[in-house]
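Chain by chain, the residues:
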Amino acid sequence: MKENVYFGHIGIGEPVKGEALVADDNFSARYDLDRINGNFSRKSHKLFNQSYVNKILVLNVAKGGVATAWMFRSMKISKICPKALLLNFANPIIAQGAAHANLPLIDRFESDITKIIKSGDIIKLFPKEGKVEILNEKSTN
Amino acid sequence: MKLSHKELEIQSGQFGEVRKLALEHQMQVGKFFDAQSFVEISQVHIMADTEALGLAGIEYLENLAQYPDPQKQVWVPTITDPRGSDFKSFKKIKQNKRFVDLEKRAIDAFKQLNVMMTDTCINYQVFMPPVKGEHLAFGDTGSSIYANSVLGARTNFEGGPSALAASLTGRTPMYGLHIEQNRIPNKFFNFNVRPTNFSDWGALGGIIGKQMNSYWDIPIIYGIDYKPTSDELKHFGAAMASFGSTPMFHIAGVTPEDHLAQNKNPKMNNISLSDLNNFYKSYLPKDDNLDVVVFAAPQLSLNEMRILSELLDGKKIHPKVSLLVCTPSAVKVLCDKNGISKKIENSGGIILEGVCFYNMHAREIGEANGWKRLMSNSAKIINILGGYGYETILNSMEKCVISACQGKIVK
Chain A
1 MKENVYFGHI
11 GIGEPVKGEA
21 LVADDNFSAR
31 YDLDRINGNF
41 SRKSHKLFNQ
51 SYVNKILVLN
61 VAKGGVATAW
71 MFRSMKISKI
81 CPKALLLNFA
91 NPIIAQGAAH
101 ANLPLIDRFE
111 SDITKIIKSG
121 DIIKLFPKEG
131 KVEILNEKST
141 N
Chain B
1 MKLSHKELEI
11 QSGQFGEVRK
21 LALEHQMQVG
31 KFFDAQSFVE
41 ISQVHIMADT
51 EALGLAGIEY
61 LENLAQYPDP
71 QKQVWVPTIT
81 DPRGSDFKSF
91 KKIKQNKRFV
101 DLEKRAIDAF
111 KQLNVMMTDT
121 CINYQVFMPP
131 VKGEHLAFGD
141 TGSSIYANSV
151 LGARTNFEGG
161 PSALAASLTG
171 RTPMYGLHIE
181 QNRIPNKFFN
191 FNVRPTNFSD
201 WGALGGIIGK
211 QMNSYWDIPI
221 IYGIDYKPTS
231 DELKHFGAAM
241 ASFGSTPMFH
251 IAGVTPEDHL
261 AQNKNPKMNN
271 ISLSDLNNFY
281 KSYLPKDDNL
291 DVVVFAAPQL
301 SLNEMRILSE
311 LLDGKKIHPK
321 VSLLVCTPSA
331 VKVLCDKNGI
341 SKKIENSGGI
351 ILEGVCFYNM
361 HAREIGEANG
371 WKRLMSNSAK
381 IINILGGYGY
391 ETILNSMEKC
401 VISACQGKIV
411 K
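Chains as they are written, first to last, in my numbering: chain A, 1 to 141; chain B, 1 to 411.
Hints may be right or wrong, so weigh each one.
Stated by the list, open to error - The calculated label-pair distances, taken between Cβ atoms and stated as ranges, are:
| id | chain 1 | residue 1 | chain 2 | residue 2 | range |
| --- | --- | --- | --- | --- | --- |
| 1 | A | Glu133 | B | Ser230 | 44 to 52 Å |
| 2 | A | Asn4 | B | Arg194 | 47 to 55 Å |
| 3 | A | Glu133 | B | Asn303 | 54 to 62 Å |
Stated by the list, open to error - Cross-link-like lysine to aspartate or glutamate pairs, in silico, DMTMM-like; alpha carbons within 20 Å at most:
| id | chain 1 | residue 1 | chain 2 | residue 2 |
| --- | --- | --- | --- | --- |
| 4 | B | Lys210 | A | Asp25 |
| 5 | A | Lys43 | B | Glu367 |
| 6 | B | Lys187 | B | Asp217 |
| 7 | B | Lys31 | A | Glu129 |
| 8 | A | Lys131 | B | Asp34 |
| 9 | A | Lys128 | B | Glu24 |
| 10 | A | Lys46 | B | Asp288 |
| 11 | A | Lys79 | B | Glu59 |
| 12 | A | Lys43 | B | Glu364 |
| 13 | A | Lys46 | A | Asp121 |
| 14 | B | Lys31 | A | Glu14 |
| 15 | A | Lys43 | B | Asp287 |
| 16 | B | Lys264 | B | Glu180 |
| 17 | A | Lys43 | B | Glu62 |
| 18 | B | Lys315 | B | Asp336 |
| 19 | A | Lys128 | B | Glu62 |
| 20 | A | Lys76 | B | Glu59 |
| 21 | B | Lys372 | A | Asp34 |
| 22 | A | Lys46 | A | Asp112 |
| 23 | B | Lys72 | B | Glu59 |
| 24 | B | Lys210 | A | Asp24 |
| 25 | B | Lys111 | B | Glu59 |
| 26 | A | Lys76 | B | Glu62 |
| 27 | B | Lys210 | A | Asp112 |
| 28 | B | Lys31 | A | Glu110 |
| 29 | B | Lys316 | B | Asp288 |
| 30 | B | Lys20 | B | Glu9 |
Hints listed in this document are in silico derivations from the structure and should not be mistaken for laboratory results.
A virtual CB, placed ideally from N, CA and C, is assigned to each residue, including glycine.
Model the full assembly from the supplied sequences, consistent with the hints where possible.
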């Protein structure tokens with residue numbers, strides 16, 4: 001395997017490149033986001049107060065709430081939206097929302113994706129291949 | 001995916017563009033979850049409150065509504081989850097009229113698709129309760145987990161776009177909870193504590209939900225030594241689905257598919273009274289300030305409305321606190337008929353019908369009313385509204401009523 005290339009299940013959406021925002025935490029658009037101001041609004045979330053706009057979110061699993069399925073499209077049209085989503089495990093709602101909004105999504109990686117990618121890394125997604133490439137690792141120094 | 005003759009016809013556009021696009025959406029989701037085929041469904045429950053829809057979602061519905069009836073009208077009975085505005089009461093809670101106007105547009109569009117506006121998340125208690133083995137497309141985590149767990153019906157969480165697609169094609173991709181293999185429990189819990197009220201059931205659902213690693217974890221619970229009521233299991237499931245994205249649970253000796261537990265020597269997780277107490281404590285604030293008490297999520301059944309009305313009978317809500325109750329319109333009619341509404345309203349409580357508080361643009365309503373501290377007996381709403389700028393407190397219905405009347409949090 002090429003270094004810095006990781007595979008999950010075949011995903012949804014078109015190839016996209018962007019900066020990762022990563023946390024070992026879970027995700028629901030309704031529960032966790034202030035969709036007007038574009039940041040994480042749940043105090044207990046590890047990304048609390050951080051902007052998700054134009055970031056590739058890398059999180060653990062999808063959590064409750066069906067509203068996300070509609071919200072992604074609305075968020076995309078308003079341009080207050082993440083660029084893409086990588087999860088260890090999506091649920092049907094996330095997949096349905098991604099399909100409806102044409103938001104790139106990949107899940108079910110070989111190992112914990114939140115431990116592989118770091119916030120600030122520049123990554124490229126190829127959802128139809130289930131492939132993620134880390135282009136520019138953020139310096140840890 | 002292998003398509004039937006009918007599905008190939010839909011795909012070819014024989015039944016119009018709307019159904020063709022709906023099937024394509026479903027195939028995209030089906031492929032993501034490795035579905036090999038579709039399964040026909042008997043009914044659809046669709047979540048599409050205006051907060052979730054946004055203007056983009058409403059315009060999407062309005063666009064569908066422009067097609068000729070044979071192309072756009074649903075093929076299977078389709079009912080709705082709670083709406084985002086109560087046209088009779090929105091002023092009482094200072095809901096901005098622009099949300100009400102959006103709501104009217106969404107309802108108009110749905111009616112043109114021949115969707116029945118039932119506006120409830122407890123459809124399984126009020127309309128067309130599913131039966132064991134029935135395949136569905138249910139679009140509320142609470143209604144889905146109840147249908148799978150308590151009734152033995154089969155549905156995945158179907159978000160609005162997918163539920164709508166299912167109503168237009170009469171089928172859904174065959175994956176997840178439609179397949180028996182995925183309904184087998186793989187997490188095992190033993191209750192060393194006896195829940196005594198709805199909030200206990202919700203808290204226990206939340207405790208389990210937090211321990212589920214993904215949608216694919218299915219818990220079974222042992223140690224329940226009595227037959228819980230529909231309302232108790234409603235709170236249990238709604239909280240579990242909310243905290244964990246969990247689509248199904250089993251309770252040994254209670255739910256219809258508990259026989260699917262095949263592991264004879266499982267690793268058991270014990271849930272004790274201290275676990276329950278710690279869950280409540282995790283939501284306790286440092287002071288006793290209180291702004292609003294909300295009974296919702298799930299909407300209250302007729303019996304919950306009756307219990308609440310008896311607790312409020314002859315009492316007055318403290319002037320600095322508001323008390324809101326959400327129930328389906330169909331239940332509200334019966335509450336009016338049976339004197340239940342009068343008791344709640346005489347105390348100063350506000351009944352909101354056909355809505356649920358958290359999907360009414362709760363952030364903006366909170367800001368308009370100056371509400372920050374919110375108390376409820378629903379573990380689900382306590383969980384959700386934490387992300388909406390509220391400080392939330394969980395307690396029993398009795399303690400919530402006492403607190404509302406005293407104007408402060410009573411533990």
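Hint check results:
With their beta carbons about 51 Å apart, Glu133 (chain A) and Ser230 (chain B) fall inside the hinted range of 44 to 52 Å. Look at Asn4 (chain A) against Arg194 (chain B): about 53 Å separates their beta carbons, and that is inside 47 to 55 Å. Range check, Glu133 (chain A) to Asn303 (chain B): Cβ separation about 56 Å, and the 54 to 62 Å hint holds. Taken as a hint, the Lys210 (chain B) and Asp25 (chain A) pair is honoured in the structure, with Cα atoms around 12 Å apart against an allowance of 20 Å.
A threshold of 20 Å between alpha carbons decides the hint, and for Lys43 (chain A) with Glu367 (chain B) the separation of about 18 Å falls inside it, so the pair holds. At roughly 7 Å between alpha-carbon atoms, Lys187 (chain B) and Asp217 (chain B) fall within 20 Å of each other, so this suggested pair holds. Distance restraint check for Lys31 (chain B) and Glu129 (chain A): the Cα-Cα separation of roughly 13 Å lies within the 20 Å cut-off, and the hinted pair is therefore satisfied. Annotation: proposed proximity of Lys131 (chain A) to Asp34 (chain B) holds, straight-line Cα distance about 17 Å (limit 20 Å).
Under the criterion of a C-alpha separation no larger than 20 Å, the hint pairing Lys128 (chain A) with Glu24 (chain B) is consistent with the structure, at around 16 Å. Taking the CA atoms of Lys46 (chain A) and Asp288 (chain B), the gap is near 28 Å; set against the 20 Å cutoff, the hint is violated. Only pairs whose Cα atoms come within 20 Å are accepted, and Lys79 (chain A) paired with Glu59 (chain B) is accepted, the gap being roughly 17 Å. Distance check on the hinted pair: Lys43 (chain A) and Glu364 (chain B) sit about 18 Å apart at the alpha-carbon level, within 20 Å; holds.
Distance hint between Lys46 (chain A) and Asp121 (chain A) is fulfilled; the C-alpha atoms sit about 18 Å from each other, no more than 20 Å. A distance of roughly 15 Å separates the Cα atoms of Lys31 (chain B) and Glu14 (chain A); the hinted pair therefore holds under the 20 Å criterion. For the suggested pair Lys43 (chain A) and Asp287 (chain B), the alpha carbons sit about 19 Å apart, so the restraint of at most 20 Å is met. Using a Cα cut-off of 20 Å, the hinted pair Lys264 (chain B) and Glu180 (chain B) holds, with the two alpha carbons roughly 19 Å apart.
Using a Cα cut-off of 20 Å, the hinted pair Lys43 (chain A) and Glu62 (chain B) is violated, with the two alpha carbons roughly 36 Å apart. A distance of roughly 19 Å separates the Cα atoms of Lys315 (chain B) and Asp336 (chain B); the hinted pair therefore holds under the 20 Å criterion. This hinted pair does not check out: Lys128 (chain A) and Glu62 (chain B) have alpha carbons roughly 31 Å apart, beyond 20 Å. Distance check on the hinted pair: Lys76 (chain A) and Glu59 (chain B) sit about 14 Å apart at the alpha-carbon level, within 20 Å; holds.
Restraint check for Lys372 (chain B) and Asp34 (chain A): the C-alpha separation of about 16 Å stays at or below 20 Å, so the hint holds. Proposed proximity of Lys46 (chain A) and Asp112 (chain A) is supported: the alpha carbons are some 17 Å apart, at most 20 Å. A C-alpha spacing of about 15 Å is found between Lys72 (chain B) and Glu59 (chain B), which places the hinted pair at or below 20 Å, so the restraint holds. The hinted pair formed by Lys210 (chain B) and Asp24 (chain A) meets the criterion: a straight-line CA distance of about 14 Å does not exceed 20 Å.
Straight-line distance between C-alpha atoms of Lys111 (chain B) and Glu59 (chain B) comes to about 14 Å, which keeps the hinted pair within the 20 Å bound. For the hint pairing Lys76 (chain A) with Glu62 (chain B), the CA-to-CA distance comes to about 19 Å; that is within 20 Å, so the pair holds. Between the alpha carbons of Lys210 (chain B) and Asp112 (chain A) the distance comes to roughly 19 Å, so the proposed pair stays at or under 20 Å and holds. Under the criterion of a C-alpha separation no larger than 20 Å, the hint pairing Lys31 (chain B) with Glu110 (chain A) is consistent with the structure, at around 19 Å.
Between Lys316 (chain B) and Asp288 (chain B) the CA atoms are separated by roughly 19 Å; this keeps the pair inside 20 Å, and the hint holds. For the proposed pair Lys20 (chain B) and Glu9 (chain B), the alpha carbon gap of about 9 Å is at most 20 Å, so the pair holds.
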